[in-house]
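J.: Letter by letter, the chains look like this.
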Amino acid sequence: EAEVAQSPRYKITEKSQAVAFWCDPISGHATLYWYRQILGQGPELLVQFQDESVVDDSQLPKDRFSAERLKGVDSTLKIQPAELGDSAMYLCASSFSSGTGNWEQYFGPGTRLTVT
Amino acid sequence: ILNVEQSPQSLHVQEGDSTNFTCSFPSSNFYALHWYRWETAKSPEALFVMTLNGDEKKKGRISATLNTKEGYSYLYIKGSQPEDSATYLCAFKAAGNKLTFGGGTRVLVKP
Chain A
1 EAEVAQSPRY
11 KITEKSQAVA
21 FWCDPISGHA
31 TLYWYRQILG
41 QGPELLVQFQ
51 DESVVDDSQL
61 PKDRFSAERL
71 KGVDSTLKIQ
81 PAELGDSAMY
91 LCASSFSSGT
101 GNWEQYFGPG
111 TRLTVT
Chain B
1 ILNVEQSPQS
11 LHVQEGDSTN
21 FTCSFPSSNF
31 YALHWYRWET
41 AKSPEALFVM
51 TLNGDEKKKG
61 RISATLNTKE
71 GYSYLYIKGS
81 QPEDSATYLC
91 AFKAAGNKLT
101 FGGGTRVLVK
111 P
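Same order as they appear, the protein sequences are chains A and B. The numbering of the first sequence is this note's numbering, which starts it at 1 and goes up by one. The numbering of the second sequence is this note's numbering, which starts it at 1 and goes up by one.
Keep in mind the hints are simulated off the structure, nothing from the lab. A few of these clues could be false.
Derived Cβ-Cβ restraints for the label pairs, each shown as a range [stated by the list, open to error]:
#, chain 1, residue 1, chain 2, residue 2, range
1, A, Thr116, B, Arg61, 35 to 45 angstroms
2, B, Glu5, A, Asp56, 14 to 24 angstroms
3, B, Tyr74, A, Trp103, 21 to 31 angstroms
4, A, Leu84, B, Ser10, 24 to 34 angstroms
5, B, Glu56, A, Glu52, 31 to 41 angstroms
6, B, Lys110, A, Glu52, 46 to 56 angstroms
Ideal Cβ positions, reconstructed from N, Cα and C, are used throughout, including at glycine.
Construct the entire structure; sequences and hints are all you get.
T.: This is the structure:
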């Protein structure tokens with residue numbers, strides 16, 4: 001069964017350092033999502049891609065976060081510089097489409113980030 | 001900001017007992033309600049996508065109901081087993097909008 005891949009699974013970094021996460025969606029899925037889940041809260045959408053284009057990055061802290069999906073396949077989320085408050089689970093999800101209809105989102109296992 | 005709330009935040013269930021918990025969401029501009037199960041160290045797994053008022057969905061021992069007029073959904077687990085231990089997330093989708101998740105209900109089934 002096809003899965004969304006994420007790496008690394010765990011990352012510990014010091015504040016002010018740069019950190020990057022990688023996501024490979026299910027083949028053929030045009031839409032890719034990055035979520036952040038802080039302990040005790042639900043996942044919050046950071047950025048949504050349709051192919052290589054950003055369609056929603058309203059909740060992405062753009063002063064320190066960046067995301068790209070250059071060829072419309074895999075994606076990288078970067079934080080520079082990391083802050084203590086960035087400690088969270090970063091989830092990637094993909095769906096076949098995001099247009100009319102309820103396209104199911106398939107999630108990866110996430111990257112647990114700890115900033116010290 | 002859409003308000004999606006789940007209660008309780010956590011619950012302990014004895015193996016074999018049945019349980020249920022709630023997801024509350026805005027009753028206006030409803031498009032869909034998603035339920036996910038998230039086991040520790042695994043990926044969140046989709047359980048149900050519910051779209052119609054009065055919808056009832058079932059998957060094995062897990063079922064869900066939907067009331068869009070009053071803005072709530074119940075998830076039921078019948079005859080809980082240790083493998084049902086997980087965090088259950090609901091996510092509300094307004095028309096043309098993104099998923100807004102609740103904080104989850106963490107279920108621990110004790111043998």
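J.: Each hint: holds or not?
T.: Quick rundown of the hints versus the structure:
no.	hint	result
1	A:Thr116 <-> B:Arg61: 35 to 45 angstroms	holds (42 angstroms)
2	B:Glu5 <-> A:Asp56: 14 to 24 angstroms	holds (23 angstroms)
3	B:Tyr74 <-> A:Trp103: 21 to 31 angstroms	holds (24 angstroms)
4	A:Leu84 <-> B:Ser10: 24 to 34 angstroms	holds (26 angstroms)
5	B:Glu56 <-> A:Glu52: 31 to 41 angstroms	holds (40 angstroms)
6	B:Lys110 <-> A:Glu52: 46 to 56 angstroms	holds (48 angstroms)
Hint compliance for this structure: every hint is met.
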